[in-house]
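Asker: Sequence:
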Amino acid sequence: MIRVLIADDHAIVRTGLTQLLSTAGDLQLVGAAGDGEEAVALAAELGPDVVLMDLSMPGTDGVAATARIVEANPETHVLVLTSFSDQARILDALRAGVQGYLLKHSEPEAILAGIREIVAGGSPLDPKAARVLLSDRRAAQPAAKLTDREREVLRMVGEGLPNKSIARRLGITERTVKAHLTNVYQRLGVTDRTQAALWAQRHADRY
-16 MIRVLIADDH AIVRTGLTQL LSTAGDLQLV GAAGDGEEAV ALAAELGPDV VLMDLSMPGT
44 DGVAATARIV EANPETHVLV LTSFSDQARI LDALRAGVQG YLLKHSEPEA ILAGIREIVA
104 GGSPLDPKAA RVLLSDRRAA QPAAKLTDRE REVLRMVGEG LPNKSIARRL GITERTVKAH
164 LTNVYQRLGV TDRTQAALWA QRHADRY
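Note that the working numbering numbers the sequence shown so that position 69 is 52, with each residue one more than the last.
Treat the hints with care, as some may be off.
[Claimed, not checked] With a straight-line Cα cutoff of 25 Å, these simulated PhoX-like cross-link-like pairs (lysine-lysine) come out:
no. : residue 1 : residue 2
1   : 161       : 147
2   : 87        : 111
3   : 128       : 87
Hints were generated in silico from the structure; no laboratory data involved.
Take these sequences, add in the hints, and give me the full structure.
Answerer: Listed below in structure tokens is the structure:
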């Protein structure tokens, strides 16, 4: 029997999911939380196999709640079930430790299958979430071609430091900084400092 905890601030969604779970003989609803803080508390108390987690909730949101649940209960799987399909939300959730990401317009059978898949070691992903994840990985790949010094320069550009400050901090000339930046632009496929800084901020944990 797979034990499931629902975390969603909308009562109608909790009711609908409760009814859906009741149709599956191998799934058992053990609790329902109306916000992230309650989800963290119930997960600690009940030790569910799976938490069906909404992202947008008052107070502690789904991303923050996920990070705390995963840290405290490593064996609990978090499956996001949300209306959000924007890149930032998806990546934040995946980095917080969710193992699956489905949208609320998913077919009921897809949600049930996702719960079973995540317990079996899989990672159920809505096609939109999968595309975002693949795109993010492709975007991070150019960083592998950067030298250690180029990574240092890029990191400082991401922090907003001008060339003069970068040169002083690294003990090199401004001309050398510019040369490193030229290489960085080419390898990342960007055309200017602003784009490089944005790339650095988005992929700060990838290079």
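Asker: Work down the list of hints and note, for each, if the structure agrees.
Answerer: Here is what the structure says about each hint:
no., hint, verdict
1, 161 - 147, "10 Å, holds"
2, 87 - 111, "13 Å, holds"
3, 128 - 87, "39 Å, violated"
Going down the numbered hints, you'll see the structure goes against just number 3.
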